[in-house]
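Enquirer: Going line by line, the protein sequences match chains R and C.
Residues 1 to 592 in the working numbering are what the first sequence spells out, letter by letter.
Residues 1 to 152 in the working numbering are what the second sequence spells out, letter by letter.
None of these hints come from the bench; they were simulated from the model.
Remember, predicted model here, so these are calculated numbers, not experimental data.
One thing to keep in mind: the hints can contain errors.
As the list claims (entries may be wrong) - Among the chain C residues that face chain R by a calculated CB cut under 7 Å, a handful are: (1) 58; (2) 59; (3) 60; (4) 77; (5) 79; (6) 81; (7) 94; (8) 116; (9) 123; (10) 133.
Backbone N, C-alpha and C define an ideal beta-carbon position, used for all residues, glycine too.
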Amino acid sequence: MKNKPIIRICMGTGGIAAGGTEVMKAFKKQLKRKGIKADVKKHCLLHKVGCRGLCAKDVLVDIIVNKVKSTYQFIQPDMVQRIVDEHVINNVPVQDWLVTDDYHQFHNKQIKVVLSDCGTIDPEEISSYRAVGGYDALKQVLETGSPGDTIKTLKESGLRGRGGAGFPTGMKWEFCKNQSSPEKYIICNADEGDPGAFMDRSIIEGNPHAVIEGMVIGAYAIGAHKGYVYIRAEYPLAVERLRKALTHARKLKFLGKNILGKKFNFDIKVKLGAGAFVCGEETALIASIEGYRGMPRAKPPFPVYRGLWGNPTVINNVETLANVSYIIRNGAEWFASFGTEKSKGTKVFALTGKIRNSGLIEVPMGISLREIIYDIGGGIDKDVAFKAVQTGGPSGGCIPASLLNINVDYESLAQVGSIVGSGGMVVLDENDCMVNIAKFFLQFTQAESCGKCIPCRIGTKRLLEILERITAGDGRDEDLELLMNLSYDIKASSLCGLGQTAPNPILSTIKYFREEYEAHIKKKKCPAGVCRDLLDYAVLAEFCTGCGACKRVCPAGAVSGERKQVHRIDPELCVKCGACFEACKFKAIGKG
Amino acid sequence: MDKALKKILADFTKNEGNIISLLQNIQDAFGYIPEDAVYCFSKELDIPASRFFGIATFYAQFHLSPRGKNIVTTCCGTACHVKGSERLLNGLKTELNLPEGEHTTSDREITIEKVNCVGACSIAPVVIINKKVHGKISADKLMKEIRLLRKQ
Ligand SMILES: Cc1cc2nc3c(=O)[nH]c(=O)nc-3n(C[C@H](O)[C@H](O)[C@H](O)COP(=O)(O)O)c2cc1C
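Bound-form chain R, shown alone:
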């Protein structure tokens, strides 16, 4: 059969959570029922694919008949029979279930390099990656290139590290190559600890071989024989697919002894993280692979000179490595044609929070924040006002609505007090309290501080205590000053990036949302209605229909009222949990 229909089912973590596995089963069952032979691959290709970004609309299914692709959204098992009957067999797409304009709009402004094959290839089949040119870059490098050429190409491409610091990758490799040492290592940093970020997880789940290929090329360039992928244990699916991919790559001689018949040996080991954010920091990560508590050490010496077990070591982020094979295949010039003068190429972001099209996006560096939020993201949920975007996770800051026109690149974001970071982008609306957000991140960094250096261990604790008293209504007039002074000191004196950046969420929120802090401190009010201790709940009599929903959900028995009569909340009993506010369909619960 020449034009076999192809069915692709999104089965990343998002797809599976939305029921991808069941949808896959339903397709198998329906195809079998229709007499399309049990070996579906022969007559009809049924693929599981990684994330194509718009997880909010999962389960997404592509059906390709006669080379025409249609994409379905929100697919559940009971919808599969109709799709098979009408579309796969009779080639009439089920119009009602197809994706709508916003799906296309989501993809239109994106430029996909790293993610170009995510969501179309089967991450568990190496042949699928091979079919789109996978491992050709490795062949090219081993057969016609040299370590020096490879590094030159990377330097010309302008690729900078995607793990946060943005260090030029070619340069890092060159430093390591120039070290004469019998043992060198390359480590892939897949610890992705920033809350609100899932770029690296999605890349490994959707295209693990691209990361492996990048590592093998890197190993060849620097002269390493052993590599590690340090990956979070919280990503079970990514770990499984990575392990499978490594086995397949070994079978085809892309890994192991005499790779592709050349005198080049290299293999990769998977190391599972054990749940410590600080282990994403490179020297802590090395300590963790060595089997110690993951505590950072002072730099220099940098890992390229003294890394794992004292040997020269390159550590690169997942996305950085996944870019490599595409750069080699398409050329440095091609890659450098995307982006700005100092930030080349594309960047993957995890766009989440209060945004319509929440998902994984890849955009050229330098695109404006406004385009990301409104054109790709489709704007804000419901009819509430946009407030800020948090970028860079606990090391980053909040960018307010007034700065929406800035370009997203390393330099521009740094200028407004935030960072590109690893690529988390959490959209906040008028119902989010900025003091609460700062407190959230400080809770995080304080808990994750390894405790080795005092400014971070004790400083973040003090910062958190001040934020806690402000949100509890006990803020003092001098607190803002104190927060800022302490922040500057912690930034200046901490040992590693964790402490050096931990105060950023506070500094940026004070800078752009000072009046919100002042409302908490002086008026003892939380304007966004988030900080519990500063809130009172009351029934708004004119909207209350007496349906009793609030009374049913109240855990404290604080709501009273007869059916069809206006209800009342007893402020003495109210625990301010907000359950009534959530439950009321008539907006009859007021808070403030």
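Add chain C with the ligand to chain R, keeping to what the hints say.
Expert: Relative to chain R, chain C with the ligand alone:
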């Protein structure tokens, strides 16, 4: 030494003598890190027990006391936070009648945990019940799932 421990010991030598992997294996076998197992390996390998405990208390993944039969993990990443993960957590504590500071029900049926981020932010808020990810979960739906667990 029982068989499970022997196998872990053999893996240890294979794993470049990595204590973290060893503790991960112990936890896989027992569901937590029993003190006795630590002392046993400490003696066998001539490594002070303090090194094991130092690591076990450093990494969030390790548990030094047994956990419940069912594990309910609330994601507390940024996206989940702004979509109400705290309310889910408080709801769980109330539903399970857990006193402050306690994470496992007295009948050892259910343990509640927090995780920094599982990277499923597009479907926030997220709760993981016995390794299955539940996205866009509401307090109501979560409590239904919990009651289901209790019935089984
Ligand atoms: C506290 C802290 C956490 C970090 N977490 C990560 C991480 O999860 N993933 C990552 O790739 N880099 C992380 N980094 C950055 C790494 O130290 C390192 O710069 C990076 O892996 C280098 O790779 P790149 O040059 O490809 O970006 C972290 C740094 C700090 C200070």
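Enquirer: Of the numbered hints stated earlier in the document, which are not met by this structure?
Expert: none
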